[in-house]
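One letter stands for each residue in the lines below.
Number of protein chains: 2
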Amino acid sequence: MPQTDRSNRRFVLAARPQGLPTPANFRLEDTALPEPGEGQVLTRTLYLSLDPYMRTLMDEAGTSYASAVPVGDTMIGGTVGRVVASKDPRFRPGELVLGGAGWQDYAVADGAGLTPLGEMAQPSLALGGLGMPGFTAYVGLLRIGQPKPGETVAVAAATGAVGAVVGQIAKRKGARVVGIAGGADKCRHAVEELGFDACLDHRDPQFARRLAEACPDGIDVYFENVGGAVFDAVLPLLNNNARVPVCGVIAHYNEDAPPPGPDRLPNMVNTLLQKRIRMEGFIILDHYADSYEAFRRDMGEWIAAGQVRLREDVVDGLENAPGAFIGLLEGRNFGKLVVRVAED
Amino acid sequence: MPQTDRSNRRFVLAARPQGLPTPANFRLEDTALPEPGEGQVLTRTLYLSLDPYMRTLMDEAGTSYASAVPVGDTMIGGTVGRVVASKDPRFRPGELVLGGAGWQDYAVADGAGLTPLGEMAQPSLALGGLGMPGFTAYVGLLRIGQPKPGETVAVAAATGAVGAVVGQIAKRKGARVVGIAGGADKCRHAVEELGFDACLDHRDPQFARRLAEACPDGIDVYFENVGGAVFDAVLPLLNNNARVPVCGVIAHYNEDAPPPGPDRLPNMVNTLLQKRIRMEGFIILDHYADSYEAFRRDMGEWIAAGQVRLREDVVDGLENAPGAFIGLLEGRNFGKLVVRVAED
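If you read the sequences in order, they're chains A and B. Just so it is clear: in the first sequence, position 93 is 93 by this note's numbering, and no numbers are missing. Take any residue in the second sequence, note its place counting from 1, add 1000, and you have its number in this note's numbering.
These aren't lab readings, by the way, just hints derived from the structure by calculation. Certain hints may be false.
What the hints assert, rightly or not - The following label-pair restraints were derived from C-beta to C-beta distances: (1) G218(A) <-> A1229(B): 31 to 37 Å; (2) F1207(B) <-> D256(A): 23 to 29 Å; (3) T115(A) <-> A1304(B): 30 to 36 Å; (4) N1254(B) <-> D232(A): 21 to 27 Å; (5) F1207(B) <-> E330(A): 36 to 42 Å; (6) E192(A) <-> E1330(B): 54 to 60 Å.
C-beta atoms are modelled at their ideal positions from N, C-alpha and C, and glycine is treated no differently.
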């Protein structure tokens, strides 16, 4: 069932997940096209971004920066769409815009919530390297990680939307970059296409030892976006005065309660102390006001010059969003995951 | 058996402790007075500092900044002493010096390892508020914690050598200060003598709830020097953009292995993320070159003006050092713990 101009397909949160979501947590509904009110804009979705943070918004607790999706409401998500009708003089029908329509074909939004994109050869990049994930990589690495030439930067989910950009920016800053990814194909891509110095498969039973061998001078910056066993392998390799920007802990998003022991916290805090490590969480929404313009300028130049390469994992059809999202949480995507909801 | 000028009493590490040290881990030996070689100085110990870091140096692994004490060697420690004989032209007999003689009556040291103190009304302060613990409080609070007027600063071991200074400096910077200590006497002292806004007894079964009540606006800076259950009570109260300087984790120094579960690490890292928290370990030895002079000037002024008050817990006699040190690890001291090894 493709997108039409007669009805609006949308995925609502059918039930809160226990652990890893299943297709039963989502329900596809067919509704009437919404009508824009005064100051509002009706958009038609072309691309929907799928990102790990969405999992945390499926839980009742939500996050510090956004409330949970209520059961029965449309799943939230960043989108690239075209304006269908506008009652905001700043937007005209046909225009390409970045917004947060969520998992659906059509949405109305206040004009203030939309960003005009102009015409782009590859509009989905506004959801990836030129959007929130790329900006997350840029801010976390440069503001907190602060890699210096010759230092070693380690990044997990190395071919993911954030990790791939972290590694490529770190290379541009003169660092040695060691990626961590799930599987030989991803690791090969990180080295051969993205220019990482090395990339280790975290599924390898010898992973911890191989990571140590790939980091003979230790690790100065670890961009934390996964947590779990990868963190345990990284921790003993961190150098004095290492920096650990924390962007996410996808390995733990499906946990309903603290995992069983042993308790890894005391060793972690003791390591922070002994090695004078700075660990700092950040939420990208905080940084748009003061850093987004610099990011768009720098990243636009790097992409245009071929210095940052971006791989997308494009899934066709809104109906495939739940399966693709579950795959993302399992590490089955390869590159920035987007759903092509409609042909442009 | 008091100090004499005929022999040198010293405590050596008799055996590495399992968990909390016992008196059997220390052995008192009687040896000949050492002779200073060229460029060396013989000192007689007046005061020995007892500090939690010593526990970590009793384990084989040692720390990143100092090796373990070998079994059979003299226990290390900061000392205030008087020069007995000098083959370094910079030091004269009778002079008061700060050094690291360890748990013994006499020691020889290179002159470069000694700091002249001039004459001091209370020489033991060079081991406390005017020494390493005071400097630790100063650097950790001001460089990492960076409290702003009106913010809430929480500090554990509130009447200890470091905590008491952290709280009093934070008050001078305009922060609201909430201490945490073991027992009603210590809490009363923190509020009535040190000027803290509140102080909670961590042994109170209602501790977590009372701490929350005492921090109605949350916690902006938590000076981490204990770990354990206190940390668990503090974590949910941390505000967005809180800072957590990590100076020590005394609650964990006696652990031989990771404690049983649940695993508290994922929740901690997730909290760092959600609340954009910075957690940073530091080792005070790194900061002498660039901050010690400013500290001595500021702290000297504050103490002279009565703006920072220091309580000492003075134990008489070197023979009582092991018992006093074990008590320190159990929280039985009340103020900066020093051993008066000899009358001046």
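Hints, one by one, checked against the model:
no.	hint	result
1	G218(A) <-> A1229(B): 31 to 37 Å	33 Å, holds
2	F1207(B) <-> D256(A): 23 to 29 Å	27 Å, holds
3	T115(A) <-> A1304(B): 30 to 36 Å	59 Å, violated
4	N1254(B) <-> D232(A): 21 to 27 Å	23 Å, holds
5	F1207(B) <-> E330(A): 36 to 42 Å	41 Å, holds
6	E192(A) <-> E1330(B): 54 to 60 Å	58 Å, holds
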